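Engineer: One letter stands for each residue in the lines below.
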Amino acid sequence: MTIPKLIKKDFLLFSKSISGIIMTFAVPMIITLIFGAIFGGFGGDNGISELRLLVVDDDKTDFSKQLVTLLDSLDAIKIYSTYKNDETNTVLNMEVMDSNIKKGSFKVGIRILSGFENNYNNGEKLKLEIHYDPKFIIEYNIVNGIIQKTIMKDFPQVMMNSMFKNAREYLGSDQGTFFENDMNKTIEKFFGTEDSEGAESQTPSDSAIKQDDNFNMMGDPIDIKSVELLGVEEENPYFAQYVAGMAVMFLLFSVTNAGASLLDEKNNGTIKRLLVAPVTRNQILTAKMFYIMIMAIFQLLVLFTFGWLVFKLNIFKDIPALLSMIIVTAFACSALGIFIASICKNQHQVSSISTLIILGMSALGGSMVPLMIMPAYIKKIARFTLNYWAMKGFTDIFWRNLHLKDIVPSLIVLSLITIVFTTIALSIFNKKLMEK
Amino acid sequence: MIELRKITKNFGNIQALDNFSFDVKKGELFGLLGPNGAGKSTTINLLSTFIAPDKGEIFLNGISHKKATLKMKMSIGVIPQEIALYDDLSALENLQFWGDIYQIPTKELKNRITEMLKMVGLFGRRKDKIKTFSGGMKRRINIAAGLLHNPNIILMDEPTVGVDPQSRNFIFEMIKGLHQIGKTIIYTTHYMEEAERLCQRIAIIDQGKLIAIGTKEELYKLLGDSETIILELSKNLDIEQISHFFGNFIISDLSENKIKIEGINLKNNLSEITTYLKRSFINIEKMDYIKPNLEKLFLKLTGKELRE
Chain A
2 MTIPKLIKKD
12 FLLFSKSISG
22 IIMTFAVPMI
32 ITLIFGAIFG
42 GFGGDNGISE
52 LRLLVVDDDK
62 TDFSKQLVTL
72 LDSLDAIKIY
82 STYKNDETNT
92 VLNMEVMDSN
102 IKKGSFKVGI
112 RILSGFENNY
122 NNGEKLKLEI
132 HYDPKFIIEY
142 NIVNGIIQKT
152 IMKDFPQVMM
162 NSMFKNAREY
172 LGSDQGTFFE
182 NDMNKTIEKF
192 FGTEDSEGAE
202 SQTPSDSAIK
212 QDDNFNMMGD
222 PIDIKSVELL
232 GVEEENPYFA
242 QYVAGMAVMF
252 LLFSVTNAGA
262 SLLDEKNNGT
272 IKRLLVAPVT
282 RNQILTAKMF
292 YIMIMAIFQL
302 LVLFTFGWLV
312 FKLNIFKDIP
322 ALLSMIIVTA
332 FACSALGIFI
342 ASICKNQHQV
352 SSISTLIILG
362 MSALGGSMVP
372 LMIMPAYIKK
382 IARFTLNYWA
392 MKGFTDIFWR
402 NLHLKDIVPS
412 LIVLSLITIV
422 FTTIALSIFN
432 KKLMEK
Chain B
12 MIELRKITKN
22 FGNIQALDNF
32 SFDVKKGELF
42 GLLGPNGAGK
52 STTINLLSTF
62 IAPDKGEIFL
72 NGISHKKATL
82 KMKMSIGVIP
92 QEIALYDDLS
102 ALENLQFWGD
112 IYQIPTKELK
122 NRITEMLKMV
132 GLFGRRKDKI
142 KTFSGGMKRR
152 INIAAGLLHN
162 PNIILMDEPT
172 VGVDPQSRNF
182 IFEMIKGLHQ
192 IGKTIIYTTH
202 YMEEAERLCQ
212 RIAIIDQGKL
222 IAIGTKEELY
232 KLLGDSETII
242 LELSKNLDIE
252 QISHFFGNFI
262 ISDLSENKIK
272 IEGINLKNNL
282 SEITTYLKRS
292 FINIEKMDYI
302 KPNLEKLFLK
312 LTGKELRE
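Line by line, the protein sequences give chains A and B. Take the first sequence: its letter number 390 is residue 391 in this note's numbering, and every next letter is one higher. Take the second sequence: its letter number 3 is residue 14 in this note's numbering, and every next letter is one higher.
Read the hints as simulated data drawn from the structure, not as lab findings. Every value quoted in this text rests on a predicted model; they were computed, and no experiment measured them. The beta carbon of each residue, even a glycine, is placed where N, CA and C say it ideally should be. It cannot be assumed that every hint is accurate.
[What the hints assert, rightly or not] Using 20 Å as the maximum straight-line C-alpha spacing, the simulated EDC-like pairs for lysine to aspartate or glutamate come out as follows: (1) B/142 x A/266; (2) A/346 x B/93; (3) B/302 x B/249; (4) A/267 x B/204; (5) B/82 x B/126; (6) A/128 x A/76; (7) A/267 x B/229; (8) B/142 x A/76; (9) B/302 x B/204; (10) B/140 x A/266; (11) B/307 x B/184; (12) A/433 x B/93; (13) B/220 x B/29; (14) A/154 x A/63; (15) A/318 x A/407; (16) A/406 x A/319; (17) B/278 x B/296; (18) B/315 x B/283; (19) A/154 x A/265; (20) A/267 x B/93; (21) A/433 x B/217; (22) A/432 x B/111; (23) B/140 x A/125; (24) B/289 x B/299.
[Claimed, not checked] Between beta-carbon pairs, the in silico distance windows are: (25) A/270 x B/232: 54 to 64 Å; (26) B/47 x A/288: 48 to 58 Å; (27) B/191 x A/344: 48 to 58 Å; (28) A/295 x B/78: 50 to 60 Å; (29) A/288 x B/98: 16 to 26 Å; (30) A/19 x B/191: 17 to 27 Å; (31) A/321 x B/111: 42 to 52 Å; (32) A/432 x B/139: 14 to 24 Å.
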């Protein structure tokens with residue numbers, strides 16, 4: 002009967018360990034909850050928020066305007082074709098559209114090229130451009146699909162015109178006209194169209210039809226050109242996205258452990274020994290903060306250098322901006338790490354609580370899963386995480402090619418995080434170090 | 012040299028020290044003896060300036076603790092009860108760190124480290140990590156770290172806890188050596204034998220209160236003339252019956268065939284006891300005369316064992 006007693010003892014010990022219980026049950030539940038919310042959404046939210054679409058109409062014809070009106074009437078899309086310039090509404094041009102996408106204010110925009118209506122009338126391909134931030138490939142695909150669907154559904158003549166044009170090209174002028182008239186009669190028979198009234202049917206002889214293996218009468222009536230506005234200079238553009246997220250997440254883990262070393266030193270008596278030596282509490286805490294911050298800066302430098310060497314990440318785009326981001330991120334992560342350590346009693350507790358906080362914050366803040374695929378409300382929550390601001394700053398540099406002045410908001414938020422958490426942590430530790 | 016005046020220290024609802032006073036002369040090896048939780052470590056923490064008293068005042072070399080200066084901290088060497096060392100650093104690296112903290116000049120520190128390592132008998136292991144050391148070795152380096160800056164006052168908080176007899180003897184010899192060169196030492200322990208063996212004067216404390224203070228001899232006198240004999244007998248004895256015959260003594264059953272007899276002038280009455288046992292056809296297999304000791308004094312003054 003020894004084994005049941007030993008098992009009972011282990012359960013008893015487990016029940017006494019709050020951190021063990023949290024690690025076993027709460028952490029998996031919370032992480033599952035977060036990922037569930039990201040991928041599944043809560044309460045019927047299907048996860049995709051309304052898409053804000055910039056439109057530049059270089060054609061400015063009735064047909065192009067009709068297309069814009071139709072797109073604007075769709076629930077999934079909100080069209081922006083003008084912008085405020087000196088308090089007046091100005092029609093959007095390509096430069097302004099591209100600049101907004103590069104800044105991250107918009108994800109995607111379309112440009113209707115001049116000759117759009119003319120091409121429609123002539124059965125030529127309708128030429129459009131989709132300008133987008135490649136991070137938002139999902140939004141790009143949605144817009145592409147919606148344009149194709151709208152044109153095909155609401156302007157079926159586009160397909161017809163294109164088909165007739167192809168028929169004329171491949172079958173020759175005479176045969177093509179026979180085909181066109183036949184098609185018009187068929188359409189008239191089943192659907193009834195005004196255009197087909199009075200058309201004569203002329204059947205071409207079978208032998209006269211060109212035999213061409215490449216003949217594709219249906220063709221593709223729409224020519225959409227994709228214009229990636231960001232990340233095109235990067236050899237490995239997506240690494241720029243992930244390096245920031247992963248760097249911040251692992252930095253948080255390492256600085257929290259470094260902060261916990263203060264607890265170890267308190268528990269093994271070395272802090273007490275220091276305090277009876279000619280050393281003050283503030284000196285001990287300041288030294289520890291500096292150590293953690295220096296280590297954090299070093300860790301980020303190593304990681305970005307690794308990114309440069311292995312993934313060809315261009316870290317030399319704006320060195321002052323990158324160094325500023327590295328320093329403030331290192332400081333903010335250190336402050337949060339030492340704060341987590343300050344609210345714990347021992348290393349074991351630090352491990353479990355930091356796992357919960359860091360994984361949760363990393364998941365919500367975009368370190369694990371790109372924010373772009375998250376529902377709108379999670380994107381709002383993300384703004385309350387350190388990861389979000391750190392990643393925003395780094396991606397602004399690497400991805401959007403922005404400069405020091407542009408990343409000031411990220412620098413300010415991260416500095417505030419540093420000040421708040423450092424103040425709280427030092428105040429807690431100041432008391433804690435003197436506890437028996 | 013060291014003076015504690017009416018010190019009271021509370022930790023929440025727990026009173027660690029209550030109106031506690033004693034003084035230690037320069038060059039004295041002074042013992043603080045008491046069970047766990049008696050207030051020994053609190054006294055060391057107060058003396059080392061780690062904590063401040065709630066009431067009362069402490070003087071070191073005539074200077075109040077309230078005016079604790081860097082110079083005062085430099086004059087104290089603390090050997091904590093914990094092994095306050097960095098496990099992943101070598102003995103040498105640990106001593107270099109603690110020497111740097113005490114601002115010992117580099118050249119002098121190098122000599123002091125060599126001196127200390129030789130004193131604790133671990134010069135040969137100086138490059139080994141602390142975590143590879145035995146408990147006794149760690150204790151010795153722990154002592155060396157507290158003595159590097161050559162303090163005049165040494166506060167040792169149970170420095171032999173958990174060490175093997177060999178290391179314990181080594182530490183005792185080291186303490187005697189420090190005493191011989193004129194260091195003032197306060198040594199806390201809950202081992203009566205250590206206090207008796209090492210200390211010139213001993214303060215016995217319990218539950219934060221001073222129970223008795225003096226030299227060994229002065230403390231033994233507090234026991235009075237009471238003597239103790241332990242007899243191991245050939246067979247079991249009826250305690251009630253023998254107690255009836257020798258009413259002046261306290262006779263108690265220790266274990267099977269083993270009795271303890273306590274009383275004044277016991278030696279002179281021993282022949283009567285042996286005669287009584289012979290008549291009862293009981294032989295004395297073994298007889299131990301227990302000398303007066305601090306354990307007995309503690310029992311007498313507090314009504315409980317020292318190691319409780």
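Engineer: What hints, given by number in increasing order, does this structure fail?
Structural biologist: Numbers 3, 4, 5, 6, 7, 8, 11, 18, 19, 21, 22, 23, 25, 26, 28, 30, 31 and 32, in rising order.
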